[in-house]
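A.B. asks: Whole structure, please, built from the sequences with the hints as guidance.
Chains as they are written, first to last, in full-length UniProt numbering: chain A, 1 to 457; chain B, 1 to 457.
What the hints contain is simulated information worked out from the structure, not anything from laboratory work.
Keep in mind that this is a model prediction, so the values were computed, not measured.
Glycine included, C-beta positions come from ideal geometry on N, C-alpha and C.
It is possible that part of the hints are untrue.
In silico DSSO-like links for lysine-lysine, alpha-carbon gap of 30 Å or less [to be verified]:
{"id": "1", "chain 1": "A", "residue 1": "Lys-403", "chain 2": "A", "residue 2": "Lys-280"}
{"id": "2", "chain 1": "A", "residue 1": "Lys-247", "chain 2": "B", "residue 2": "Lys-247"}
{"id": "3", "chain 1": "B", "residue 1": "Lys-5", "chain 2": "A", "residue 2": "Lys-124"}
{"id": "4", "chain 1": "A", "residue 1": "Lys-130", "chain 2": "B", "residue 2": "Lys-247"}
{"id": "5", "chain 1": "A", "residue 1": "Lys-405", "chain 2": "A", "residue 2": "Lys-5"}
{"id": "6", "chain 1": "B", "residue 1": "Lys-129", "chain 2": "A", "residue 2": "Lys-90"}
{"id": "7", "chain 1": "B", "residue 1": "Lys-130", "chain 2": "A", "residue 2": "Lys-367"}
{"id": "8", "chain 1": "A", "residue 1": "Lys-129", "chain 2": "B", "residue 2": "Lys-2"}
{"id": "9", "chain 1": "B", "residue 1": "Lys-452", "chain 2": "A", "residue 2": "Lys-367"}
{"id": "10", "chain 1": "B", "residue 1": "Lys-124", "chain 2": "A", "residue 2": "Lys-5"}
{"id": "11", "chain 1": "A", "residue 1": "Lys-5", "chain 2": "B", "residue 2": "Lys-2"}
{"id": "12", "chain 1": "B", "residue 1": "Lys-124", "chain 2": "A", "residue 2": "Lys-90"}
{"id": "13", "chain 1": "A", "residue 1": "Lys-90", "chain 2": "A", "residue 2": "Lys-5"}
{"id": "14", "chain 1": "B", "residue 1": "Lys-5", "chain 2": "A", "residue 2": "Lys-2"}
{"id": "15", "chain 1": "A", "residue 1": "Lys-2", "chain 2": "B", "residue 2": "Lys-124"}
{"id": "16", "chain 1": "B", "residue 1": "Lys-90", "chain 2": "A", "residue 2": "Lys-124"}
{"id": "17", "chain 1": "B", "residue 1": "Lys-367", "chain 2": "A", "residue 2": "Lys-124"}
{"id": "18", "chain 1": "A", "residue 1": "Lys-2", "chain 2": "B", "residue 2": "Lys-129"}
{"id": "19", "chain 1": "A", "residue 1": "Lys-90", "chain 2": "A", "residue 2": "Lys-2"}
{"id": "20", "chain 1": "A", "residue 1": "Lys-130", "chain 2": "B", "residue 2": "Lys-2"}
{"id": "21", "chain 1": "A", "residue 1": "Lys-2", "chain 2": "B", "residue 2": "Lys-130"}
{"id": "22", "chain 1": "A", "residue 1": "Lys-129", "chain 2": "B", "residue 2": "Lys-90"}
{"id": "23", "chain 1": "A", "residue 1": "Lys-403", "chain 2": "A", "residue 2": "Lys-5"}
{"id": "24", "chain 1": "A", "residue 1": "Lys-5", "chain 2": "B", "residue 2": "Lys-5"}
{"id": "25", "chain 1": "A", "residue 1": "Lys-280", "chain 2": "A", "residue 2": "Lys-247"}
{"id": "26", "chain 1": "A", "residue 1": "Lys-367", "chain 2": "B", "residue 2": "Lys-129"}
{"id": "27", "chain 1": "A", "residue 1": "Lys-129", "chain 2": "B", "residue 2": "Lys-367"}
{"id": "28", "chain 1": "A", "residue 1": "Lys-247", "chain 2": "B", "residue 2": "Lys-367"}
{"id": "29", "chain 1": "B", "residue 1": "Lys-247", "chain 2": "A", "residue 2": "Lys-2"}
{"id": "30", "chain 1": "A", "residue 1": "Lys-130", "chain 2": "B", "residue 2": "Lys-90"}
{"id": "31", "chain 1": "A", "residue 1": "Lys-280", "chain 2": "A", "residue 2": "Lys-452"}
{"id": "32", "chain 1": "A", "residue 1": "Lys-124", "chain 2": "B", "residue 2": "Lys-130"}
{"id": "33", "chain 1": "B", "residue 1": "Lys-399", "chain 2": "A", "residue 2": "Lys-247"}
{"id": "34", "chain 1": "A", "residue 1": "Lys-5", "chain 2": "B", "residue 2": "Lys-367"}
{"id": "35", "chain 1": "A", "residue 1": "Lys-90", "chain 2": "B", "residue 2": "Lys-130"}
Away from chain B, derived, C-beta distances all over 10 Å, residues of chain A [stated by the list, open to error]:
{"id": "36", "residue": "Ala-22"}
{"id": "37", "residue": "Pro-47"}
{"id": "38", "residue": "Met-51"}
{"id": "39", "residue": "Thr-60"}
{"id": "40", "residue": "Met-146"}
Each chain, written out:
Number of protein chains: 2
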Amino acid sequence: MKTQKFLLTEQEMPRQWYNIMADLPTPMEPPLHPGTGQPCGPEDLAPIFPMNLIEQEVSTQRWIDIPEEILDKYAIWRPSPLFRARNLEKALDTPARIYFKNEGVSPAGSHKPNTALAQAYYNKVAGTKKITTETGAGQWGSSLAMCCAFFGIECKVFMVKISYNQKPYRRMMMETWGANCTASPSTETRAGRSILEKDPDSPGSLGMAISEAVEEAVADENTKYALGSVLNHVMIHQSIIGLEAMKQMEMAGDYPDVIIGSAGGGSNFAGLSFPFARDKINGKQIDIIAVEPTSCPTLTRGPFAYDFGDTVQMTPLLPMYTLGHNFVPAPIHAGGLRYHGMSPLVSQLVLDGIIRPEAIHQMETFKAGLTFARSEGYISAPECNHAVAMAIREALKAKEEGKEKVILFNWSGHGLVDMASYESYFRGNLADHDLPQEQIDIALKDLENLPKPRQGK
Amino acid sequence: MKTQKFLLTEQEMPRQWYNIMADLPTPMEPPLHPGTGQPCGPEDLAPIFPMNLIEQEVSTQRWIDIPEEILDKYAIWRPSPLFRARNLEKALDTPARIYFKNEGVSPAGSHKPNTALAQAYYNKVAGTKKITTETGAGQWGSSLAMCCAFFGIECKVFMVKISYNQKPYRRMMMETWGANCTASPSTETRAGRSILEKDPDSPGSLGMAISEAVEEAVADENTKYALGSVLNHVMIHQSIIGLEAMKQMEMAGDYPDVIIGSAGGGSNFAGLSFPFARDKINGKQIDIIAVEPTSCPTLTRGPFAYDFGDTVQMTPLLPMYTLGHNFVPAPIHAGGLRYHGMSPLVSQLVLDGIIRPEAIHQMETFKAGLTFARSEGYISAPECNHAVAMAIREALKAKEEGKEKVILFNWSGHGLVDMASYESYFRGNLADHDLPQEQIDIALKDLENLPKPRQGK
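C.D. replies: Now the structure itself:
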């Protein structure tokens, strides 16, 4: 079966990012100051982000020029190829045409460098000497480490302790790119020490690691903080995925009926889908599906509420779907996508019915990953397998209905550094897991005393 | 600094492989039967290889059509990009123009699938139900596993035991692609058992694993054996690297003064260099450098002799540079490139002065890998860092001489599954190592009673 790959030349690479803020059906509610509960101004964010990124964060400009220096280095891995997954179609015997955007071609193996590069660049321009961040499985931390190396910026990564211990290869990648990687919670910050006091064996969480990274950034004026997902400027940078995919779908002579991305903080999902969501807002019929794990069902079971981005409540309050800032996924959960919150932009579009969230059990995602690897060759990161599994579901539905559906999904990254998760799957150490309602109830309680958004479920 | 990438479309992908056998300045000496010492005929190879591959092995036809089915699946990762390494040039402040061919884009992360795909295909056509092979670090075994999955062929990989234990991710990749991976020496074969009897703690070697794989293939008529390097048909399949690179260098408006590849069995080196070696044979001035580790200095310190491909002396005798079929690299050696022999074609061209071998100490290779990762982003496999290190040496020489040299090297694969070697480097657990002369002397003794080639040192 002929594999089809749609390639853009460097000259065809988009030269502007897309900002969906300009096209929202309902305006966003503002982030609130963690202390006062009042809307945050740019100056409130200045201790942790450089002003040029803060401007992007609040921008309502539809198109934002990509600086030449970023385009130059994007060219290391961009434009990324779009594939027609004909071998998978054949394996499923489906009339659907399945396309995937391959973001695994970056040196770090995922879509994360799309924003890591931009953030490192804007920090460089603003005179930042050091960037702190958090990372879970390590996709984001390693991407930022690489991009800081490109611009000669010091990089310090707080890595969720359980991943730090289970995924040493990602730490080694960060060190290869010259970054310092510390297990979180650590004794290096007040936040870390206060968590360790209560629970010396804490496995860590993204919320905790964010607290540590933000604390270290705030303490020094030449140090800034970077976040790999959730925030508006991250969604802007990732839009290059969807903008390229639009051109490539045009080359293929197709337009997607269904668009699929896995969603943790929302960045790879938004990156592919937002440029298409704009078409949907303007009247086009598309089913846009954000896929999350049943063990971290932020969009499908969490409330839309104001919540902190981190455990120690240092970040602004964001209007988003959330499982509560104290959420830690069950140990049985093997993949990524473990953040308690969700991009406010993705959340708003779910609220407005533009995006449809779905949760998938993990056994189905690994099974899908094997089907994909044995037909198309590529071994997906466990988080990416959520998108693969949903694409397979939709393709089989098309077969049942005898429909020629066009499915496009974001293959956000390869799993070569995550093989231990596959091993757990092979050894029978994984099982499906649904978040107990009890944990949702605890989250709801945590949110009770916080300001409420006007909208919400 | 602008990254430059030279891309070919699928339509521009070469549709024929190049066979350097047609252009050799000196004809090859034949392989000899391991029992009789007489030249091997195709029928002698029939128990282990399908006849269509044996025909390629002995072919002297210059151009060999690539079957449509192989082109279709090559398209999953081919044509691979050629980069101008401008960021590395800047980091080295060199007047040299450095290009590298990125073979790390395949799903398995290296150049190995170029021949794995072809071998799986030809076996499929010949009716093979199962393929056995050996693997060291696992690049080859995982590539063959993937390609067997594409064609529904069972795959059994004997993996050198020390790597099996140290590099579990590669084994997991093989399992993900549906292959069976066994540590070698194993108790499953007579060869394995005989080795274990003498040394129950044997760390294994490629030579031993080959013995096991060949034994299992010979025992069943629907089972064949596949080798990932060394043999002529492998060099033919890999020629697609250099054929693409020639077109891409033309796009860049440059022609290489120096061509560099790391050499273990010789396949990635030959893949890039042989199409250019043809130009050299026809009078062009090019420095073609095969780089090997000082701890496995086959080309730089071994004799050109007839030797077995495996430890238990089951394979034909090949005319090649060799460290003796009992060679096992010192444990301090962290990278790949650990095979005792070398492709007879590469060996012949070294003998004829077309190829210049060089050996590099391992500390220099890791240092080079860091320089490359921090400037160009990509983290190289340790074997690949031998090529990177030599490219850096040549670029610095050009700087010293004030020359505008054009350097092209094969970036044969990424190191994301080999991060443990980088960890050893960071932790100070590695040191340079030269093979003691004593070990070479033992090899020479092993070869004493074997037939001698007409040529030789």
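A.B. asks: Checking each numbered hint in turn, tell me which of them this model violates, lowest number first.
C.D. replies: 4, 9, 28, 32, 33, 34 and 40
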